[in-house]
Structures are given as C-alpha cells and as structure tokens.
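Novice: Below are the chains, spelled out letter by letter.
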Amino acid sequence: EAQVTQNPRYLITVTGKKLTVTCSQNMNHEYMSWYRQDPGLGLRQIYYSMNVEVTDKGDVPEGYKVSRKEKRNFPLILESPSPNQTSLYFCASRASGFYEQYFGPGTRLTVT
Amino acid sequence: AQSVTQLDSQVPVFEEAPVELRCNYSSSVSVYLFWYVQYPNQGLQLLLKYLSGSTLVKGINGFEAEFNKSQTSFHLRKPSVHISDTAEYFCAVSDSRGAQKLVFGQGTRLTINP
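Going line by line, the protein sequences match chains F and Y. Per this note's numbering, residue 98 is the first one in the first sequence, and the count goes up by one each step. Per this note's numbering, residue 299 is the first one in the second sequence, and the count goes up by one each step.
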C-alpha cells in the first residue's frame, strides 16, 4: 500500500530534550515536506526537500532541522524543544512533476 | 509570495443542503490551487486541484470548485452534503513555476447537522 508513515504518532516531552520525528514514504517520491498545524493558522511549511541531500527552509524553520540522506526518509529534528513547538506535525511527499501531496497521519507533540 | 484566506472558520449546514466554502488567494505569479480535506484524527487528503484548463474542477465525493482569476477565488461547492462530509477543509496555493511551497489557508470546519 502506498503511504507516508510517521513515528511516533504521539509524543510528550520536556523542554530541551532533543527528539526526532521520523517520516518515511514508499512511493519513490522525490519531494518531501514537513508542516505544522496549529488552530486558526492552518498548516505552515517548516522544511522541504526536492531530493536526496537537497533541503530548503519553509515559512517557519526556526528551532527545527532536517536531513535527507535517503530518498524514502525525511526526519524532523528538534535539538532543544520549547513549549511553542507544541503542535500537530505532518509529513508529506509527492512525485516530481506532479502536484498532489500525500500526507502522513500526523504526530501530536507536546512540550512541557 | 502567496497567501490564502478562507473566509469562514466554521460552516454549519443541514444534511442534504448545498454548501459553499469560500477561498480567496493573492499572488503576483500564476498559481496552482488545491482543496484538501481532513477527517477527524486523520491526515489530509486531496479533494481536487486546478492546474490549468477548465475553470470548473470536479473532485472526489461530489465536490467541485471554480477558479475565478479576476476575483482571485477558488470556492468549493457541493449540491447536497452528507453526515460523512463533516471534516475540516483547507484551501492551498502553490507557485506554478516550481510548486516547492504549498501555502494553506486557516481551514474551514464543516459541520453537518441531521
């Protein structure tokens, strides 16, 4: 089944404790992206990647890091999480030349 | 840069009634337009998209949208809604030159009452 998977689905952590949210897709898509969803703000893009080793900032990159060492994986790293990063996070992917993005199920992160 | 405004944060309607969810965008370049749906506790799913051609676009689940370039709008419509259409709906826009960034509106929560 074609899908985007994220782990963990739920995470409660404390301020300053480094964490990684994994994202993997099995559709051989070149493009991958991370979004955060906050009430009343819709989804905002954090980082995106056009292909392996090619990443760029979205609209809200502060406090986040990403890497794209393999085509299928695009982890989101929070080196020192803060409470304002409490949010619902979505990973998405699409094929080059196509414009439909496929979304993962989401990761609900709470930073206390 | 692009921006999207969804004019209603919540829309309550009765089952089998028609519905329109409004979306306006701004951009200095030509754009692609999308509507996504998010059912409770799920990720987003594409409803329909406008890339070029006919301004009336039909999507899944009986939804359609009309691209109006002069009014910079992309309103979503359905002639008769069902309880199962209860969800949050997001309008989104991307630059047609590269489509690297997808900019979303704030979302409209559609609630269907029996």
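Don't read these hints as lab results, they were simulated from the structure. Predicted model, so just to flag it, every value in this text is computed and none were measured. Glycine included, every Cβ here is placed at the ideal spot set by N, Cα and C. Treat the hints loosely; a few may be bogus.
To be verified - Okay, the calculated beta carbon distance ranges per label pair:
{"no.": "1", "chain 1": "Y", "residue 1": "R407", "chain 2": "F", "residue 2": "R106", "range": "18 to 26 angstroms"}
{"no.": "2", "chain 1": "Y", "residue 1": "S368", "chain 2": "F", "residue 2": "G160", "range": "24 to 32 angstroms"}
{"no.": "3", "chain 1": "F", "residue 1": "D156", "chain 2": "Y", "residue 2": "R407", "range": "21 to 29 angstroms"}
{"no.": "4", "chain 1": "Y", "residue 1": "N366", "chain 2": "F", "residue 2": "K166", "range": "39 to 47 angstroms"}
{"no.": "5", "chain 1": "F", "residue 1": "R141", "chain 2": "Y", "residue 2": "P310", "range": "35 to 43 angstroms"}
Novice: Now look at each hint and say whether the structure bears it out.
Specialist: Okay, the hints, checked on the actual structure:
Between R407 (chain Y) and R106 (chain F) the beta carbon distance is about 22 angstroms. The supplied range of 18 to 26 angstroms therefore holds. The given range of 24 to 32 angstroms is broken by S368 (chain Y) and G160 (chain F), whose C-beta atoms sit roughly 40 angstroms from each other. Roughly 23 angstroms separates the CB atoms of D156 (chain F) and R407 (chain Y), a value that falls within the hinted 21 to 29 angstroms. The hint said 39 to 47 angstroms for the Cβ distance between N366 (chain Y) and K166 (chain F), and at roughly 44 angstroms that hint holds.
Between R141 (chain F) and P310 (chain Y), the C-beta spacing of about 27 angstroms breaks the proposed range 35 to 43 angstroms.
The earlier numbered hints that this structure contradicts are 2, 5.
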